[in-house]
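With chain A's structure known, arrange chain B on it following the hints.
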Amino acid sequence: MNFALSDEQEFLREAARDALGRVATLAAARDALEDPAAILDLWPVAVKAGWPGLLISEPAGGAGLGTFDALLVAERLGAVLARVPFIGLMPATALLDRAAHPCLEAVATGERRPVFVPARPPVSGAESWTVEDGHGRSAPAPRVIRSGAHPRLDGQAAYVIDAPDADLLVVAATDATGSPVAAVVDAMQVQPVAAYDASRSVGHVTFDNVPAELLDVDSAELTDAWYLVQALIAAEAVGTVEAALGVSVSYAKDRYAFGRAIGSYQAVKHEIVEVLRRLENARALQFYAGWARDSRPAEFPLAASAARSVAGNALDFAARAMINVHGGIGATWEHDAPLVFRRAQLTRRLAGGHADATYRVGQAVLHNPRLVTAA
Amino acid sequence: MDLDDTPDQAAWRTEVRQWLARHQSDAPPARGDFEDPAYVEVRRSWQRSLTEAGLVGVTWPEEHGGRGRGPVDQVIINQEMARAGVPGHLDVIGIGLMGPCIIAHGSDEQRARYLAPMLHGDEVWCQLFSEPAAGSDLAGVQTRAVEQADGSWRLTGQKVWTTSAQFAAFGMCLARTDPDAVKHQGLTMFIVPMDAPGITVRGLRQISGEAEFNEVFLDDVTVTDDMVVGGVRGGWKAALTVLMFERMMIGAGAETIGFRPDRVATALAAAGADDPRVCHRLGELTAELLAVRYGGFRSLTALSRGQIPGPEAGLAKITTVNALIAAADLVCDTLGPGALTDEEWGYMTSFLPGLKSAGGTEQILRTTIGERVLGLPAEPRVDKGVPFRELRTRQIAEVAA
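Those sequence lines, one after another, are chains A and B.
Every letter in the first sequence is one number past the one before it in the working numbering, and letter 281, counting from 1, is 281.
Every letter in the second sequence is one number past the one before it in the working numbering, and letter 163, counting from 1, is 1163.
Just chain B, same shape as in the assembly:
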């Protein structure tokens, strides 16, 4: 039982800290507007510097440009960046999810072509998974990929919640290649160049007014057959790898998703709010956030021993989001209506409701955890073993009736 660094981790921390101390002045602001190309550019060149210093993709194998280090070393980088108040790499989706997916399922040619520019920030990636009618039930995606006589594929459909799409070079797209197969089996993963003809990216404005996500429309987009990742009909397996790395990313210290509970406490203290009701509410949400922090150390220990995180990682996400919602609510109750138009508290209040559904709605997480962690009996499923085409026909008829 020890939260101190091992000698090796301490040396790594020193290396990271010293590099940051020397280069901190070159860092862009940690928060900025991704709709502003100038901000994207400074973040891109910051990622390049970080990569040249060996601070990006450290858990990737060395043969693919990483450092072959453990998840704790990534956490140390995150901690030191937070301590220095500088942002991390721009391409969170690529480095955290798509790179590992290509390493696991891609061909040698794909690894040679895509990984290095991804690491350096020259080519940013986005994730074309969720659709308006397929989120928590991801295997229900309807984007169609049809094989052409020359072996290429034509993709048509609509994707949503796509972070970084407005400046991404590539997207990893889950599409249906075989509608006559059972739904998980008829899927294929494609690399799609975001500048291909037929792609339209539209900002998706959220409650806060900011467009942090996008909708991506694919209208007869042609990709060559060397863009298939993990084989035709191997899409679900590749998608599961991405979802697993997503859990690892959560486990490796997305502790408060960028929000600052210490600033919540500071704001309340500055407002002179020390009445017992405020204290009680602050105490409840703080205790929950502390639980997530120390629970995170437990998962990290398991992770560093080679255990693969299961769906229980979703519990930490549920706790964090709800505690942060309670925090924003408490600040607004205490500071009054003006807090809603304050940049920090207004944003926090507006952003969090959507986050409840990110990475699967709270309800689907609870269902999955109940079944896979506690072994509770599964919900009866009407889609099991049924060809996807038949499911759709049935659904259309039921809605019409």
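For reference, chain A alone in the conformation it holds in the complex:
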């Protein structure tokens, strides 16, 4: 048994930390609250680090790394609230790679930016593949029409992560029978959403009977792509929680009240330790998800849902604890805590939301109790 990072993985994580350390992402995120143009274009950083080709196989020009590695990069992006279209990019490249798509080399070199438009796979037979309608409800996934010589795509999806940064979309759609298909589209309308969290790129996409290219991937692969999104969001949250914890601990050591460092008071200390507890749990599940997708694919939906659930709760808790530890100043723009808070509040509601992930864990276990039989 070996459930620790390899030297290469440690190196990948450190390299990501270094690359991002040279950019003032937090300052940009704060400036962007008032001036959306202030947001930094981090794509050159991503390309230089080789992230677009991370999951692309080596013959196709990529690095051929695993899910675990992608999650480590997501974690580092989360730690500094970096706006890189990574959550949209990774599943898109995974699907394009499965289908051995000709654009892969251009993606790996950073010339093209594909982003995945996820659809939520049905939990039971009665459900269908859905996207968000923009008003808190689910709507049918975009539909592929095959009546003419070339397939076309019609429909919409709201609050799609990273969509405004894309020049190519890989869309989880359905055909006339409701079966899932992957459609590649470059003539789309993306309406960027002025989101609550300026460090997160989000947009509504509309497909008005546009030409589409169908990818040779199956339902299982589209299901996997949905769960990859869940795992990436979870890993990103782990990084954010870790950073929030560090800032909270450091302030609790330096700030004095009633003649003592506030971290010496149990009430403060225990709240911070609760952040650590949640962080450790979220990280354990990040490892589980990263390992499962490559080594136990049948468990990946459970692992990714559990990771999303725990990490989503952890991020919300860590953001609120960060504000509490800092007192009033933590709730002002003078401080970084509101950036973490905004990240937590928006992201936990995207891509199905973390409550849906929790529900999926419950469903999975109800139908197969053996999933939690002691190992």
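Keep in mind that the hints were calculated from the coordinates and are not lab data.
Among the hints, a few may not be true.
Stated by the list, open to error - If you want the footprint, here are the derived chain A segments under chain B, 3+ residues with CB under 8 Å: (1) 250-263; (2) 271-277; (3) 289-298.
Stated by the list, open to error - Pulled from the structure, derived: some chain A residues nowhere near chain B, Cβ distances all over 12 Å: (4) 31; (5) 33; (6) 143; (7) 175; (8) 178; (9) 179; (10) 193; (11) 342.
Stated by the list, open to error - Here are some, though not all, of the chain B residues that point toward chain A, as calculated from beta-carbon distances under 7 Å: (12) 1072; (13) 1269; (14) 1282; (15) 1283; (16) 1291; (17) 1294; (18) 1301; (19) 1366; (20) 1374; (21) 1379.
Yeah, the Cβ is synthetic: ideal placement off N, Cα and C, and Gly gets one too.
This is chain B only, laid out in the frame that chain A set:
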């Protein structure tokens, strides 16, 4: 990143599995009443068989009767026992904690005298550490050991939460030998024969109605000076070793403390409970338990590389106990009041509240982790550097005022 067995571990697993397959039919039921001497006896002879097969104390050094194997090999045994549905060794306290303590701090004579009968289950051990007024603050024990003219010691005091005391041959007792010293420094560890005159064992009935723990009263119990482990005033060091092995035991897969989350899910499914609220609650607690499982693989990896587990191991315990409490609660909410008198769910509901304080209360674990893992400033302490006797005097005066 690999959860599969190495070739060596796979061979070990096969060895364990094959032995269990041949002897499974001789195994006693995994759960039974320890107040019933007949059950204790079958568990004792089962331990003997396991020991003869080389399946007990595998992480102990070979020179002391172990197999010199790593913690993962112990986990493999635990997994295979669970898979076969058979119980492990009877003397969990002795094999897991007291044996390692004697190996680390005992004299050659003590090792030669006590380790082999402990391994074979002929002499079961118990841990005489906690007291009614010293639990989380273990160094505050008040049991007194007074040296006699002939070099022997007389022990007087009260211990509590003592697993196995009703059938144990020996207890490892932390007692105060020097009340004028600062509290951690005035302690000594003694081996106490449980049949010595002056010892009274009384079952401590818990919410469930079962008496899984005991109170042990020591009333002028005499032990000879060769029963001191780790030297006079060396008690705290020996106690810390025991606490470290306790963490290793938690780390090595006490994953759900014997409870069965899969049975929780089965019971809920059988009750047709698939409404979103039930699913959500089940999802939350399951995700936490899965986190403990995979976090456990991370600690085990560290352990097998020779790293010593720190207080952070307590986080897994906090998560597990609270997730299990949520599980019992969900079953009772779903099945209704009848679940409270069901053997499995009633027991689970009743047993877990006490478990929150086992191995240190949740609050003290959080304090320790905050200070030792996160480096947060310590709570101001009024007991630092003060002789124990003075602390007691001060405490008595404050309570009276």
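Hint check: 7 Å Cβ-Cβ cutoff, residue 1294 (chain B) to chain A
holds (4 Å)
Have a go at the residue 1366 (chain B) hint: is there a Cβ in chain A nearer than 7 Å to its own Cβ?
holds (5 Å)
Okay, the region 271-277 of chain A and chain B, do three or more residues pass the C-beta test at under 8 Å?
holds (count 5)
Beyond 12 Å from every chain B Cβ: check whether that's true for residue 175 (chain A).
Label holds. Min Cβ-Cβ 29 Å, cutoff 12 Å.
Taking the shortest Cβ-to-Cβ distance between residue 33 (chain A) and chain B, state whether it exceeds 12 Å.
Since the minimum Cβ distance to chain B is about 30 Å, residue 33 (chain A) lies beyond 12 Å and the statement holds.
Under the criterion of a CB-CB separation shorter than 7 Å, is residue 1269 (chain B) in contact with chain A as hinted?
Status holds, d = 5 Å.
Could you let me know if the closest chain B CB is still more than 12 Å away from the CB of residue 179 (chain A)?
It holds; residue 179 (chain A) is separated from chain B by about 25 Å at its closest Cβ, greater than 12 Å.
Residue 1072 (chain B) as chain A interface residue, shortest Cβ-Cβ below 7 Å
holds (5 Å)
Would you check whether the claim that residue 143 (chain A) is not at the interface survives, using Cβ distances to chain B and the 12 Å cut-off?
Residue 143 (chain A) clear of chain B: closest Cβ-Cβ about 28 Å, beyond 12 Å.
With 7 Å as the cut and Cβ atoms as the points, is residue 1301 (chain B) at the interface with chain A?
With a closest approach of 5 Å, the residue 1301 (chain B) hint holds.
If you take the shortest Cβ to Cβ gap from residue 1282 (chain B) to chain A, is it below 7 Å?
holds (4 Å)
Taking 8 Å as the Cβ threshold, is the statement that the region 250-263 of chain A is covered by chain B upheld or broken by the three-residue rule?
holds (count 5)
Hint violations for this structure: none, all hints satisfied.
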